[in-house]
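Undergrad: The residues making up each chain are set out below.
Protein chains: 2
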Amino acid sequence: MLKVNPNYEKLPGSYLFAEIARRVKTYSSENPQADLIRLGIGDVTRPLAPAVVEAMVKASREMGEAETFRGYGPDYGYDFLVNAIIKNDYQALGVEIAFDEVFISDGAKCDVSNVQELFSNDAVIAVTDPVYPVYVDSNAMMGRAGEYVKDRWNRLCYLPCNEENGFVPPLPDRPVDVIYLCYPNNPTGTTLTKAQLKLFVDYAKHTGCVIVYDAAYKAFITSDAPHSIYEIEGAKDVAIECCSYSKTAGFTGTRCGFMVIPHGVVGMGGNGQPVELNAMWKRRMGSKFNGVSYPIQRAAEAVYSVDGWQQCMANIHYYLTNARIIREGVQKAGYTVFGGVDAPYVWMKTPTGMDSWTFFDKLLHEVHVVGTPGAGFGPCGEGYFRLTAFNTLEKTQEAVERIQRLGR
Amino acid sequence: MLKVNPNYEKLPGSYLFAEIARRVKTYSSENPQADLIRLGIGDVTRPLAPAVVEAMVKASREMGEAETFRGYGPDYGYDFLVNAIIKNDYQALGVEIAFDEVFISDGAKCDVSNVQELFSNDAVIAVTDPVYPVYVDSNAMMGRAGEYVKDRWNRLCYLPCNEENGFVPPLPDRPVDVIYLCYPNNPTGTTLTKAQLKLFVDYAKHTGCVIVYDAAYKAFITSDAPHSIYEIEGAKDVAIECCSYSKTAGFTGTRCGFMVIPHGVVGMGGNGQPVELNAMWKRRMGSKFNGVSYPIQRAAEAVYSVDGWQQCMANIHYYLTNARIIREGVQKAGYTVFGGVDAPYVWMKTPTGMDSWTFFDKLLHEVHVVGTPGAGFGPCGEGYFRLTAFNTLEKTQEAVERIQRLGR
Numbered sequence: 025m026l027k028v029n030p031n032y033e034k035l036p037g038s039y040l041f042a043e044i045a046r047r048v049k050t051y052s053s054e055n056p057q058a059d060l061i062r063l064g065i066g067d068v069t070r071p072l073a074p075a076v077v078e079a080m081v082k083a084s085r086e087m088g089e090a091e092t093f094r095g096y097g098p099d100y101g102y103d104f105l106v107n108a109i110i111k112n113d114y115q116a117l118g119v120e121i122a123f124d125e126v127f128i129s130d131g132a133k134c135d136v137s138n139v140q141e142l143f144s145n146d147a148v149i150a151v152t153d154p155v156y157p158v159y160v161d162s163n164a165m166m167g168r169a170g171e172y173v174k175d176r177w178n179r180l181c182y183l184p185c186n187e188e189n190g191f192v193p194p195l196p197d198r199p200v201d202v203i204y205l206c207y208p209n210n211p212t213g214t215t216l217t218k219a220q221l222k223l224f225v226d227y228a229k230h231t232g233c234v235i236v237y238d239a240a241y242k243a244f245i246t247s248d249a250p251h252s253i254y255e256i257e258g259a260k261d262v263a264i265e266c267c268s269y270s271k272t273a274g275f276t277g278t279r280c281g282f283m284v285i286p287h288g289v290v291g292m293g294g295n296g297q298p299v300e301l302n303a304m305w306k307r308r309m310g311s312k313f314n315g316v317s318y319p320i321q322r323a324a325e326a327v328y329s330v331d332g333w334q335q336c337m338a339n340i341h342y343y344l345t346n347a348r349i350i351r352e353g354v355q356k357a358g359y360t361v362f363g364g365v366d367a368p369y370v371w372m373k374t375p376t377g378m379d380s381w382t383f384f385d386k387l388l389h390e391v392h393v394v395g396t397p398g399a400g401f402g403p404c405g406e407g408y409f410r411l412t413a414f415n416t417l418e419k420t421q422e423a424v425e426r427i428q429r430l431g432r
Numbered sequence: 025m026l027k028v029n030p031n032y033e034k035l036p037g038s039y040l041f042a043e044i045a046r047r048v049k050t051y052s053s054e055n056p057q058a059d060l061i062r063l064g065i066g067d068v069t070r071p072l073a074p075a076v077v078e079a080m081v082k083a084s085r086e087m088g089e090a091e092t093f094r095g096y097g098p099d100y101g102y103d104f105l106v107n108a109i110i111k112n113d114y115q116a117l118g119v120e121i122a123f124d125e126v127f128i129s130d131g132a133k134c135d136v137s138n139v140q141e142l143f144s145n146d147a148v149i150a151v152t153d154p155v156y157p158v159y160v161d162s163n164a165m166m167g168r169a170g171e172y173v174k175d176r177w178n179r180l181c182y183l184p185c186n187e188e189n190g191f192v193p194p195l196p197d198r199p200v201d202v203i204y205l206c207y208p209n210n211p212t213g214t215t216l217t218k219a220q221l222k223l224f225v226d227y228a229k230h231t232g233c234v235i236v237y238d239a240a241y242k243a244f245i246t247s248d249a250p251h252s253i254y255e256i257e258g259a260k261d262v263a264i265e266c267c268s269y270s271k272t273a274g275f276t277g278t279r280c281g282f283m284v285i286p287h288g289v290v291g292m293g294g295n296g297q298p299v300e301l302n303a304m305w306k307r308r309m310g311s312k313f314n315g316v317s318y319p320i321q322r323a324a325e326a327v328y329s330v331d332g333w334q335q336c337m338a339n340i341h342y343y344l345t346n347a348r349i350i351r352e353g354v355q356k357a358g359y360t361v362f363g364g365v366d367a368p369y370v371w372m373k374t375p376t377g378m379d380s381w382t383f384f385d386k387l388l389h390e391v392h393v394v395g396t397p398g399a400g401f402g403p404c405g406e407g408y409f410r411l412t413a414f415n416t417l418e419k420t421q422e423a424v425e426r427i428q429r430l431g432r
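Heads up: the sequence lines are chains E and L, in that order. Terminal number for the first sequence in our numbering: 432, no gaps in between. Terminal number for the second sequence in our numbering: 432, no gaps in between.
Check before you lean on any hint, since a few could be wrong.
Identical chains blur together in the list; that is why a pair holds if it fits in one copy or across any two.
To be verified - In silico DSS-like pairs for lysine-lysine, Cα to Cα no more than 30 angstroms straight-line:
| # | residue 1 | residue 2 |
| --- | --- | --- |
| 1 | Lys27 | Lys222 |
| 2 | Lys373 | Lys82 |
| 3 | Lys218 | Lys419 |
| 4 | Lys222 | Lys111 |
| 5 | Lys222 | Lys419 |
The set of hints was computed from the structure by calculation and includes no laboratory data.
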């Protein structure tokens with residue numbers, strides 16, 4: 025009989041958000057009158073910007089005419105979008121990225137989970153703790169995380185982030201090959217300063233490891249935190265960067281993102297020679313991917329138009345207002361809170377002695393508010409809880425009032 | 025230094041179609057006046073059906089309104105599309121597929137290359153020879169193909185298909201875990217009868233291996249060849265099926281496909297217990313994928329509408345006419361040809377003693393026609409050449425006339 029990949033059965037329970045959906049569904053079916061407010065999953069609610077919709081409609085119509093129809097596009101994305109990214113995401117920051125260092129994809133989740141294919145099977149992986157589960161699960165599925173014992177993987181190097189260290193991860197305490205960093209952070213909503221990020225870049229240069237940097241939430245930055253790891257000197261030799269239109273432009277259901285792999289990022293091949301990760305990814309994309317839908321790439325391009333950008337930023341402002349309302353309101357209710365200034369996420373401490381899934385059930389059952397238990401993001405997430413700013417202003421305000429009524 | 029996946033450097037040269045593009049580009053830049061006709065890559069040229077475009081436009085506009093906006097969709101695809109597939113692709117054939125056995129994706133290329141993640145690293149893979157390169161490359165990237173020695177991978181089990189056996193693959197001559205089959209076949213354009221396919225289903229049942237069946241070209245079937253492997257009794261216990269809208273509805277640049285994994289398909293887990301591949305894929309999709317763009321899924325749904333289907337089938341008929349013109353015309357020029365009846369591909373023998381890349385260069389340089397050398401599809405493809413029916417009728421006729429002028 026076919027032997028399957030044995031690593032899947034090591035994965036604990038179901039994917040975090042599937043488990044949340046299950047609990048919510050059970051409660052809803054037993055309490056159909058409950059008016060739930062969802063501040064759980066990080067999914068946007070504002071419609072796409074008008075300029076983006078118009079671009080998608082126009083491109084859809086082009087696909088219906090022989091003269092303008094497009095078949096297979098370049099695996100790595102259309103020139104128009106790659107050039108818009110180089111100009112707007114990088115040149116605007118004073119960063120030069122070459123045309124063939126950008127790869128368009130159907131979203132950052134796919135990129136951050138597929139990029140592990142480039143690493144050797146015995147690569148040692150470091151992740152912050154708490155962490156977006158996809159980095160962990162995609163490596164666990166290839167066996168790199170080892171075994172799941174109690175509440176952690178025994179081959180992962182966890183970088184604990186907590187109130188005590190201000191959610192600034194320490195450098196790894198043992199040799200690692202890859203470090204995943206996400207800033208502004210999901211789930212903590214916090215950022216790193218350039219100086220703090222530089223420590224990681226320098227460490228990677230010094231030790232020869234590679235950083236996978238997830239900048240999916242960069243559009244929410246209001247402070248002077250870096251928008252790209254390439255603002256840090258030397259990062260183009262050690263870092264891959266993933267970005268997404270999901271949060272910047274509400275593309276969670278539209279699906280487009282991109283990854284940057286500078287030519288300077290190298291690993292060691294099986295023959296001991298250095299290999300560009302860019303060349304490997306190019307081969308991977310050419311052999312296993314067929315590009316992103318043309319109308320969707322046109323929609324992404326329109327994000328950078330004058331109107332499109334203004335409209336998208338108005339949505340970001342809307343969500344940041346929600347984040348402020350949550351942060352201030354929950355704080356007023358007596359909770360300790362973090363994040364929510366440069367990110368759509370507020371990270372709060374659960375009441376003393378209450379674990380995060382218990383707090384999840386309490387909020388769900390008593391005030392009908394859905395959040396995300398910190399334990400779902402890793403062992404150091406225990407004792408914390410994530411609220412997202414992606415609901416409407418009205419629902420957000422009501423959710424905060426409910427939490428205030430509940431008290432601590 | 026990070027050690028990279030050592031299997032990438034074992035891959036020979038570049039991906040087949042990248043190499044063709046390179047040769048064409050070189051020739052074009054040196055001969056800018058040459059009027060090239062491309063019958064090489066299997067890319068469609070007819071615009072999307074009007075009903076499909078209207079559905080995409082309507083869904084794009086829905087994304088711009090708060091009431092109809094959609095964020096993250098179900099990882100496995102929207103109900104409306106899954107149900108349309110169950111009804112039109114399967115119930116119409118008398119095949120019952122359960123709702124949770126269908127997974128919507130951004131195309132069959134991604135599916136057939138990602139599905140190998142479910143197999144153990146030491147699984148033995150069988151492929152027909154010649155074969156669509158993606159099955160081979162995706163497994164080679166994980167080391168399952170072994171080493172590339174001369175013109176073949178030393179760990180793959182090749183099932184040779186040639187004029188002598190009528191392009192009907194023999195059963196594997198040694199134990200294998202997975203067999204990839206594609207019918208109507210790319211590149212040979214031939215099909216298997218139900219009886220021929222049943223031999224493989226029975227073999228898989230008997231030996232415990234799994235069949236990955238690629239039915240991307242089923243819309244071109246004009247004979248009584250099976251449209252789905254599930255028309256064969258017992259196949260739901262041993263076969264995964266991949267389908268795509270790329271060729272059925274011209275979605276090569278629009279990107280949508282689906283994979284069916286019946287609950288009956290099991291492998292053996294690391295603990296020796298049977299594991300459903302359906303459950304593994306569900307986990308894989310939930311952890312590493314975020315669904316297909318909503319407007320694209322609506323476009324795919326419209327393929328099944330009365331107007332949409334009629335319009336798509338008119339395009340298929342157009343391409344099948346081209347296939348007939350190529351088949352008959354090239355035959356008239358003295359070549360031995362196969363396929364082109366149930367498929368958009370005509371598989372011709374190269375002139376005696378001429379290898380397929382030489383014939384590629386000869387056609388390119390002397391009559392400015394681009395085809396695909398058979399050697400690019402595997403060792404048994406040597407001595408053959410693929411022409412595709414996806415150009416316009418006029419260009420197809422002219423290409424055939426040029427080949428006739430060239431003679432043998």
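Undergrad: Decide, hint by hint, whether the structure agrees.
TA: Taking the hints in turn, this is what the structure says about them:
1. For the identical chains of this complex, Lys27 and Lys222 are inter-copy neighbours only, at 23 angstroms across copies versus 44 angstroms inside a copy, given an alpha-carbon limit of 30 angstroms.
2. Proximity of Lys373 to Lys82 under the C-alpha cut-off of 30 angstroms is found in neither arrangement, the shortest distances being 47 angstroms within a copy and 44 angstroms between copies.
3. For a Cα distance limit of 30 angstroms, the shortest separation of Lys218 from Lys419 qualifies neither inside one copy, at 35 angstroms, nor across copies, at 58 angstroms.
4. When the C-alpha separation of Lys222 and Lys111 is checked against a cutoff of 30 angstroms, the pair qualifies only within one copy, where the shortest distance is 24 angstroms, while the shortest distance between copies is 56 angstroms.
5. For the identical chains of this complex, Lys222 and Lys419 are neighbours neither inside a copy (39 angstroms) nor across copies (57 angstroms), given an alpha-carbon limit of 30 angstroms.
Going through the hint list in order, the structure does not satisfy hints 2, 3 and 5.
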